[in-house]
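2 protein chains.
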Amino acid sequence: MNPFVYDIPVKVYFGRDQLHNLGGELAKFGQRILLTYGGGSIKRIGLYDRVIKELREGGFEVVELAGIEPNPRIESVREGVRLCKEHNIDAILAVGGGSTIDAAKFMAAGALVEHDPWEFFGANAKPIDNALPIVTILTLSATGSEMDSGGVISNLETSDKLGRLARPLLPKVSFLDPTLTYSVSKYQTACGAADILSHIIEVYFNTQQDLYMLDCMMEALMKTVVKYAPIAVREPENYEARANLMWASSWAINGFINGGKRKAWSCHPMEHELSAIYDITHGLGLAILTPHWMKYCLNEENVAKYVSFGVNVFGVDSTLPPMDIAHEAIARLERLLFEELGLQRRLSDVGIDDTHFAEMARKACRYGDIKGFVTLTPEDVERIYRMSL
Amino acid sequence: MNPFVYDIPVKVYFGRDQLHNLGGELAKFGQRILLTYGGGSIKRIGLYDRVIKELREGGFEVVELAGIEPNPRIESVREGVRLCKEHNIDAILAVGGGSTIDAAKFMAAGALVEHDPWEFFGANAKPIDNALPIVTILTLSATGSEMDSGGVISNLETSDKLGRLARPLLPKVSFLDPTLTYSVSKYQTACGAADILSHIIEVYFNTQQDLYMLDCMMEALMKTVVKYAPIAVREPENYEARANLMWASSWAINGFINGGKRKAWSCHPMEHELSAIYDITHGLGLAILTPHWMKYCLNEENVAKYVSFGVNVFGVDSTLPPMDIAHEAIARLERLLFEELGLQRRLSDVGIDDTHFAEMARKACRYGDIKGFVTLTPEDVERIYRMSL
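Just so you know, the protein sequences line up as chains B and Z, in that order.
Counted the way our numbering counts, the first sequence spans residues 496 to 884.
Counted the way our numbering counts, the second sequence spans residues 496 to 884.
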């Protein structure tokens, strides 16, 4: 059990009708705001108008940057950095899902350095010692970027999709209003749920001993997703379902559940290579890979973890033999993802073949073997890609 | 489901050997430190010497205030306030359990006002707009004061024991080293566990609908206490048990599990009147009262909550009739508290008779009926005292 530091000072306004607090929170940082968002969805749901009204009433100077992509690209970050510098921006307001928030984080860091923001990524990454303050209004429950200090940016030129964690990237304030996710499609809701589950599974399936309390907390979060994701897919305007998914998305990845665990994640690096090349939705890639990764890793030594997962999250009969519980747990996870949530089951279902598997496997291990629940070499990764085909 | 604000910026160093970070953290606030602690226990376990070494190496000016009582008294707070003012203190370092930390909080607030600190309490309490920074080193897992913004102070002159919550009282940094609780007696360990459980039960047993996720999180915390409290009592130097209890104590009461719930607590106000007059340990009072309060409140309408509690925390057979599950849940709680943890079962076991019951019941309802899980009038409170006799 390793020592750790817990330090998550993000302030969260959770629930309906909290946006009247936006102006007061932003004013703590200054008057010149970069407002950044994705496509037109925030206009369709009326959120854009509400945000502009609050900003106008607060007397803020607003510069806008729309069009942040899913799997946000370094070009968008560069444009944001340019605007921050040109307009001497005091704070960034990101309205959207994880993509918009991730992009905003690197704009915020890039605004305070001279070098290109792509230099924040990769093996010789430049330090991130400072960033403009970031405030977020979340519209998609998935990545947890609203309460964590990380982000992932794609570079299509180099076919790279790279993540970076740095404390100055932590948002100062996040607004989580479940009703803002009512218009999220069934497909994106399902992908978001798969992403949340994966964030927990990546930490839960760990050979390092840590606090039992945190294992129980993770099971609590996973039970919540298992219960409410299908409801949110069936009934998009079910407040209870949307609210539970939304708060679970933040707690899945804000660092609390990690405790002192230091093992690397497994499915995320494998998936990042998929979506770097194919631009498929991150959560779908995770949904397809995770059950195969679980099957690939299962052995007599680590079966106990699968047993807890099956019994405590999916209610599998605890009197069955351990290996049976493990297989039943994986089957229940597959039923959730592919039947209840309706996600595609195989890479070939989304037009991906084995052309790039060897290259992707090599890149997934660019910093060495993946030392997660079970250590994975590039050969292991390629095998898991093939199982998922 | 009410909206809420989540905002818990306390930084926590968790685990062994983190005290080398103390100087760096304190230095953020200044150089003149009031070091406050209780009896001699921190000297017996060598903690005092380690703290003094860190403070000396950091070049701090240190003023000491020892002798903070269990159920800390307003006189100690007054003395702390006097020292803060006289020595122009920059920050308070509280080393101890909840009593020491609670006292430190009101010293920190009192240092910045002219009036007597007892005026922070009661019906016409003065505002707490500011406080000196507070850093804590925790030596007892119980009250959660290390990560919350509240405290309770006793005034023996008026037989009052009053609590107060105020945001400036939130510690800036807390050090949670489970090994510092190894020397806590079996009895105090058991009382602390009862206190932690009670903090969760007070929120869990609530008729306001809130996030299912938070109910699951509370069950996770309660399972942790149920599993590890008996181990810590049997094996005082079991790191795993001490660590789980310690982190659970913070999360039981730092506000996270509350979500948007606004119902009042029940057992705490009843217990505060007990320990205001009899000076019994807070956790023991809670342990004695809680099962009787649960029996008193149980009815056909609210039995579902007892069922979740029984099934998810104690593993009671979910196929039994709901009322049977409820009674079995209470029986299991009693078995935990009075058999496994060895606490006294009845008020009469600790020399308390019914002399003051009417007065205590009236005081417990000094601000009106207790509007908790079930609304309690002074007559109800007196009946629960009598059941506990």
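No wet-lab data here; the hints were simulated from the structure.
Errors might be hidden in some of the hints.
Copies of the same chain look alike in the list, so a pair counts if it fits in one copy or across any two.
Subject to a maximum C-alpha distance of 27 angstroms in a straight line, what follows is the list of computed DSS-like cross-link-like pairs (lysine-lysine) [said to hold, decoys possible]:
| no. | residue 1 | residue 2 |
| --- | --- | --- |
| 1 | Lys538 | Lys756 |
| 2 | Lys800 | Lys866 |
| 3 | Lys758 | Lys800 |
| 4 | Lys523 | Lys722 |
| 5 | Lys580 | Lys800 |
| 6 | Lys667 | Lys621 |
| 7 | Lys722 | Lys621 |
| 8 | Lys756 | Lys667 |
| 9 | Lys800 | Lys722 |
| 10 | Lys722 | Lys681 |
None of the values given here were measured: they were computed from a predicted structure.
Against the structure, the hints come out as follows:
Taking identical chains as interchangeable, the C-alpha atoms of lysine 538 and lysine 756 are never at most 27 angstroms apart, the minima being 41 angstroms within one chain and 32 angstroms between chains. Taking the shortest Cα distances, lysine 800 and lysine 866 sit within 27 angstroms of each other inside one copy (17 angstroms), while across copies they are farther apart (42 angstroms). Only within a single protomer do lysine 758 and lysine 800 lie at most 27 angstroms apart by alpha-carbon distance; the minimum there is 15 angstroms, versus 38 angstroms between protomers. Taking CA atoms no more than 27 angstroms apart as the test, lysine 523 paired with lysine 722 passes in neither setting, with 39 angstroms inside one copy and 45 angstroms between copies.
With identical chains, the CA atoms of lysine 580 and lysine 800 are never at most 27 angstroms apart, being 49 angstroms at best within one copy and 55 angstroms at best between copies. Taking the shortest alpha-carbon separations for lysine 667 and lysine 621, only the intra-copy value of 23 angstroms comes in at or below 27 angstroms, while the best inter-copy value is 30 angstroms. Taking CA atoms no more than 27 angstroms apart as the test, lysine 722 paired with lysine 621 passes in neither setting, with 42 angstroms inside one copy and 46 angstroms between copies. Both within a single protomer and between protomers do lysine 756 and lysine 667 lie at most 27 angstroms apart by alpha-carbon distance, with minima of 25 angstroms and 24 angstroms respectively.
For the identical chains of this complex, lysine 800 and lysine 722 are neighbours both inside a copy (21 angstroms) and across copies (18 angstroms), given an alpha-carbon limit of 27 angstroms. Only within a single protomer do lysine 722 and lysine 681 lie at most 27 angstroms apart by alpha-carbon distance; the minimum there is 16 angstroms, versus 40 angstroms between protomers.
When the structure is compared with the earlier hints, violations turn up for hints 1, 4, 5 and 7 and for no others.
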